[in-house]
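One-letter residues, chain by chain:
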Amino acid sequence: MRAESLLCVLCALCVRFFIGVIGLDPTGVYFQPVNASAGLLADAEGARLRPQALAGFLLAAALVAAPTSDPLANLPIQVEIFEQVPTGAPFQLEGLQPTDRYSEPAFAFVRTPTKFSSNAIPTDRSTPFVLRASYARQLPAGRYHFRLRARGAATFLIDGQTLLTTKPQKPNTSGDDPVPPPVERGNSPLRPASYPHQDATVEFVSDGEKHTFTLMAVIGGKGLYPTPGELAVSFGPPGTIERLLGPDGSPQLTDAAWEAYVTASQSRHTDADIYRRRNVSQSVVAQWEKRHDNVRQYLATRPAPAAPAVASTARIANDIDRFIAARLDSAKVAPQQRTSDLEFLRRVTLDVTGLIPTAEEVKAYLATPAAVRRKKAIDRLLENPSWADHWVSYWQDVLAENPGILKPDLNNTGPFRLWLHQSFADNIAFDRLVTELIEMQGSVVLGGPAAFAQATLNDAPMAAKADIVAQAFLGMKMGCARCHDAPFHPFKQKDLFSLAAMLNGKDLKLPATSTVPMIEGGRKPVVTVALKPGEAISPDWPFKEFVTHDETGLLPNTGSLPTRRAVAARIIAPENDRFAQVIANRVWKRYMGVGIVEPADDWSRAKPSHPELLQYLGHEFMRSGYDLKHLARLILSSDTYQREAAAGLTPQTGAEHRLFAGPARRSMTAEQIVDSLHLAAGKSFDCEELNLNPAGDRSAAQFLNLGKPARAWQMTALSNERDRPALALPIAQSAADVMSIYGWRQSRQNAATSRDDAPSPMQTLILANGVLGTRLVRLSDDSYFTEAALKNTTVEQLITDAFLRILSRPPSAAESKTFIELLKPHFADRKVAGAEAVKSGPKTDSRVSWSNHLSSEATLIRLEEEKKLRMGEEPTKRLKPAFRERFEDTLWALVNSPEFVMVP
Amino acid sequence: MTRRELLKNSSLAAGAAIAGNIQAATAGDVPKGKADACIFIWLGGGAAHIDTFDPKVRGDGKKKPGSYYDAIDTAIPGVKVTEHLSRTARLLDRCVLVRSLTHDISGEHAAAANLLHTGRMPSGTIQYPSIGSIVSHELGSKSDAVPSYVVMGYPNITRDPGFLGAKHGYVYLTQIETGPTGLVRAPDVDSARQDRRETLLARVRDTYVQRYPGDEIITGRAAISRQAFKMAGPRFLNVFDLKRESASIREGYGGEFGQRCLLARRLVQAGVRFVEVSYNLNFLNGSGWDTHNEGQLKQHLLIQDLDQALSALLADLEANKMLERTLVVVTTEFGRPPEFDSGGGRGHQSKAFSSLLAGGGLRSARVVGATDDLGKTIVEKPVTVPDFHATLHCALGINPGKNLYAGDRPVPITDHGRPISELFA
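Residue numbers (the numbering used here), protein chains in the order written: chain A, 1 to 904; chain B, 1 to 425.
Heads up, some of the hints might be wrong.
Below are the DSS-like pairs computed for lysine-lysine, each with C-alpha atoms no more than 25 Å apart in a straight line [what the hints assert, rightly or not]:
# : chain 1 : residue 1 : chain 2 : residue 2
1 : A       : K607      : A       : K544
2 : A       : K877      : A       : K867
3 : B       : K243      : B       : K321
4 : B       : K321      : A       : K868
5 : B       : K243      : A       : K867
6 : B       : K351      : B       : K80
Per the computed footprint, the stretches of chain B lying under chain A, defined by three or more beta-carbons under 8 Å from a beta-carbon of chain A, are [what the hints assert, rightly or not]:
#  : region
7  : 96-110
8  : 163-171
9  : 215-225
10 : 383-396
These are calculated hints, taken from the structure and not from any lab test. All figures in this text were calculated on a predicted structure; none of them were measured in a lab. Just so you know, even glycine gets a beta-carbon here, dropped at the ideal spot from N, CA and C.
Make a model of the complete structure from these sequences and hints.
Following this line, the structure appears as structure tokens:
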């Protein structure tokens with residue numbers, strides 16, 4: 001159907017169709033992972049903090065405890081979800097059992113709870129599904145105006161009588177729709193319906209008695225996104241501002257009240273998802289703990305190597321230091337000095353949370369007695385929810401998580417980032433995580449491990465997965481074997497395809513492309529091709545040197561393919577100590593910069609530098625029940641980790657010279673840089689929703705909605721391979737620009753353990769001159785530093801504040817002198833009397849989408865926005881330019897010093 | 001001893017022997033061109049070959065398939081192009097028309113664009129580099145004051161350096177007016193303010209370096225930080241200042257796309273090795289080169305705009321004595337069929353489509369390959385994407401069979417591509 005005719009049909013049928021388009025579909029955050037909104041703001045106690053939008057910037061953060069009860073229980077509006085509803089008659093629910101029940105405070109439904117399988121994995125609901133909301137209340141006698149707002153088919157009943165209906169949403173296949181007109185709100189304070197929502201209204205006269213209210217709405221369906229949009233019922237006496245249907249005092253249908261409701265609702269649902277998931281997970285955890293008991297019994301028969309007695313004078317904090325000291329002593333190399341306390345704090349905070357410490361954390365740390373401050377910092381940080389954020393970015397690389405937001409077709413996976421994040425947030429046992437990944441169950445498009453199974457436009461997806469799994473968990477890099485017997489590695493093409501067939505659950509045919517063509521009269525091939533295209537390969541475990549048995553043991557039965565479960569069981573089998581050692585080495589490398597085994601993903605020709613330490617760490621990991629935090633605590637608490645960087649130690653250093661007198665000198669990752677910059681400036685990510693279909697009228701498989709990032713790992717490839725201006729997301733691009741230059745891969749077509757983030761002039765320049773760097777040093781009214789400049793009473797305090805916040809240290813005497821000379825002459829007279837804060841932050845037009853990207857208007861809107869974004873955001877009017885510019889230059893110098901991007 | 005253990009012990013020696021073989025195997029006889037830079041003009045969306053470089057009998061825009069425009073004679077006797085390429089037609093003797101490009105991906109723009117930029121389909125085990133990154137890798141920078149690879153268009157996967165790593169990535173700009181990302185200072189920072197910033201930065205940087213004496217990583221970072229600001233200095237940024245060209249030159253190139261082509265010439269002059277210029281001014285006809293439905297109606301505006309810019313570029317390169325050493329490529333992800341869709345536009349066709357090459361020391365004034373009466377199938381000398389890439393690499397003096405290394409894995413620059421030999425003397 002042509003776009004125009006589609007619009008005409010709908011316009012004729014609905015009450016208010018083509019109005020209101022500015023606001024993002026609030027369901028965009030549907031996909032936002034748990035804690036995402038709180039990601040950047042975590043306090044010293046590790047409790048979750050939520051940003052509170054006040055006058056458009058983050059002034060304060062509220063403390064929110066982890067949920068101890070279901071936040072969606074005992075609210076006035078009862079909600080039920082029905083799946084597999086009859087086609088053609090979605091509202092005939094008699095005889096159907098709801099698959100979910102919960103409650104909401106009022107008749108506005110911007111998100112539905114995530115459905116979790118019996119092993120707590122995010123799972124798809126049927127699409128469509130029906131939401132039914134019921135409520136009864138007394139309604140004082142008189143006339144009322146009722147409004148139903150929905151994106152798709154919905155019906156609203158009072159006392160069983162249908163009063164309002166909206167039409168089904170139609171899937172869209174057009175790319176050349178017109179850009180919807182901007183919102184016109186006239187004189188009404190009511191929030192207008194945003195495109196493509198429909199409003200239906202009716203007058204109702206109450207007799208003053210109690211009435212029952214029922215809403216039924218179809219969510220999703222073929223070719224539609226399975227989210228509710230701005231589904232709501234509001235009401236009020238004529239001439240008043242409508243309120244959401246619910247108890248007296250429910251929010252008004254104004255922009256401000258609606259946005260506050262959405263924020264609260266998102267947070268409630270995020271908490272509810274965590275609560276419900278952990279609830280479901282309890283019995284699963286118990287099953288895994290039983291397995292861990294067995295592992296411990298097994299380990300009792302194979303004790304870890306004892307730590308050597310050490311004669312040297314090196315500080316010994318735990319056994320790690322003994323293993324390290326033994327080799328240092330015999331090589332007659334002295335260990336490095338301990339770092340200063342502040343260097344340690346910055347290093348350990350970056351390593352655990354991916355963020356630099358806040359100035360408050362620095363102060364609290366220094367106020368703690370010196371003897372215990374490091375230990376207390378480690379304890380506190382390991383409970384920080386950002387632990388999960390920082391690990392997700394690592395495993396996205398290692399597991400090649402590669403979602404595409406626009407018709408994925410370049411070896412894209414689904415977004416299993418959500419499941420990864422929740423797994424680290426819940427600190428599930430790592431053997432369980434590996435098993436769940438390999439079982440590949442749950443939702444493909446909404447972030448379950450089934451999304452790992454996807455590999456678009458790849459003719460042997462399971463061969464790709466076999467390679468990823470083998471290198472991630474066994475240190476067996478099999479990539480070459482995709483097309484031929486590996487010339488430099490001890491395995492054959494058949495090994496890879498046998499493992500691939502296990503993941504496949506049945507025989508796998510070798511695709512024609514997975515070979516090296518032999519050209520008649522061509523050059524002599526240097527590799528052996530043992531398999532023929534089209535040849536069937538049967539499931540078979542190729543790594544018999546690690547483990548030979550095929551018992552799945554105590555794995556909870558999840559109904560996954562038996563051969564997948566067999567792969568998982570063998571990888572995590574207690575007699576397979578390769579697995580535990582590979583993971584221990586990965587954690588070691590992440591904190592020390594260099595592995596005990598290098599390369600960490602390719603052990604076939606590698607030699608461990610400290611074989612007994614490796615065994616000890618693997619043993620500890622297994623003994624702890626595969627607890628990543630136990631490993632982390634061991635390493636972070638060692639004196640070895642807490643020493644100054646050892647000169648010359650790199651991943652290329654040979655095993656015999658890898659003594660670990662201290663950790664390697666490292667630079668921050670792209671994610672750490674971008675997140676830390678935002679944290680220092682006190683500015684939120686504030687980019688577009690990563691979604692090219694805000695109207696929700698296309699299938700999730702073709703147009704993923706990855707939500708609005710709050711942390712850098714949530715960024716994704718912006719998928720503009722079509723190179724069309726109207727498909728650009730310019731604000732997100734400015735963050736992606738920085739991240740790409742610092743080694744983040746917008747496309748993760750293959751697994752990678754180490755990034756290419758070697759220093760380059762462009763790294764310096766993108767921060768110094770780019771849109772993101774410019775925004776983060778700009779003293780706009782959403783900057784922490786604008787407030788600091790207004791509040792601090794002396795220039796010395798202000799300079800120290802900036803140094804602590806950006807570099808986690810006070811300025812040196814020479815630095816103090818330089819910056820005091822710069823700022824002091826303008827400090828006393830810096831304020832502009834009577835000037836007010838204005839809402840700032842970048843903004844682009846969310847009306848531009850895939851559906852209209854071919855239109856000239858959409859193209860011109862984006863081209864203009866790019867130019868405007870380049871100008872940077874409005875500076876504050878509360879500071880005089882002479883002072884503001886000099887203080888901005890101060891921040892610029894601190895952020896652009898190499899010190900900022902280096903881990904101490 | 002298991003098989004794997006056996007192999008483990010012998011793999012190092014075997015690896016060395018194999019590596020030797022690989023070197024020997026790739027030193028084949030390939031032509032070696034003299035071009036030292038490439039301007040790669042990208043008509044994203046799928047430019048219709050039968051409405052541009054491979055005209056056929058006129059269709060009617062509805063039922064009767066065929067070209068949408070009349071054809072005109074060119075400077076190559078007997079060779080015609082569409083009437084909207086009249087200026088380029090007069091310079092066609094400096095060009096080569098490749099009318100027999102072919103591949104299998106007609107469904108998806110992203111996958112086809114990726115193929116045309118990397119020469120390969122994704123494998124899932126490594127990410128292949130774009131041709132721009134390969135050229136940057138092989139030819140290196142002419143000077144450390146200029147980057148070797150510049151894109152005028154949007155950053156995306158097809159242009160990425162893949163396994164060659166970030167240092168072979170690109171500097172990009174999406175519009176002339178916004179300038180190269182990362183190189184141009186924020187508009188509120190004039191040079192006096194920049195000087196102040198760099199003085200302050202030097203103070204903090206020096207403090208840092210002094211605190212870790214002898215740490216080579218930190219000293220190295222500090223050195224790169226100092227060097228970087230030189231790259232963002234006037235010498236390179238002046239290249240972007242088109243006002244340094246005479247008004248007649250600038251006007252000769254035409255609109256935004258023409259100005260991008262002019263900038264491409266200036267970049268090559270300054271030492272950039274590979275410049276990709278995207279033609280994505282989709283607002284001219286509402287669809288860009290992806291002329292489904294009504295996009296077809298104003299397609300001639302795109303073609304005329306391309307004609308003005310391309311002809312100006314060729315003439316200007318020639319006037320500056322740069323054409324012999326600068327390979328100009330005009331290409332796209334696929335062509336379009338002679339039939340019209342229900343909206344009067346065209347679908348996709350990857351089995352047969354065209355590209356234009358010019359300069360670069362190639363033997364010009366010729367047409368490679370031919371299609372049937374309606375441009376649907378190739379009847380003469382099919383050119384695969386690896387062959388096409390091999391031709392570009394040879395023109396730039398790069399051996400298309402040479403191995404690049406993804407870690408220790410050898411990856412030939414092209415997937416068995418063979419250059420179009422008749423283009424090399």
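Status of the hints after comparison with the structure:
1. Distance check on the hinted pair: A:K607 and A:K544 sit about 20 Å apart at the alpha-carbon level, within 25 Å; holds.
2. With a C-alpha separation of about 22 Å, the suggested pairing of A:K877 with A:K867 holds against the 25 Å cut-off.
3. Between B:K243 and B:K321 the alpha-carbon distance is near 21 Å, which keeps this suggested pair within the 25 Å criterion.
4. About 39 Å separates the Cα atoms of B:K321 and A:K868, which puts this hinted pair outside 25 Å; it is violated.
5. For the suggested pair B:K243 and A:K867, the alpha carbons sit about 19 Å apart, so the restraint of at most 25 Å is met.
6. Between B:K351 and B:K80 the CA atoms are separated by roughly 21 Å; this keeps the pair inside 25 Å, and the hint holds.
7. Only residues whose C-beta sits within less than 8 Å of a C-beta in chain A count toward coverage, and the region 96-110 of chain B has 3 of them, enough to reach three; the restraint holds.
8. With a cut-off of 8 Å between beta carbons, the region 163-171 of chain B has 5 residues touching chain A; three or more are needed, and the interface restraint holds.
9. Counting residues of the region 215-225 of chain B whose CB falls under 8 Å from any CB of chain A gives 9; the rule of at least 3 is met.
10. Counting residues of the region 383-396 of chain B whose beta carbon lies closer than 8 Å to any beta carbon of chain A gives 0, which falls short of the minimum of three for the stated coverage.
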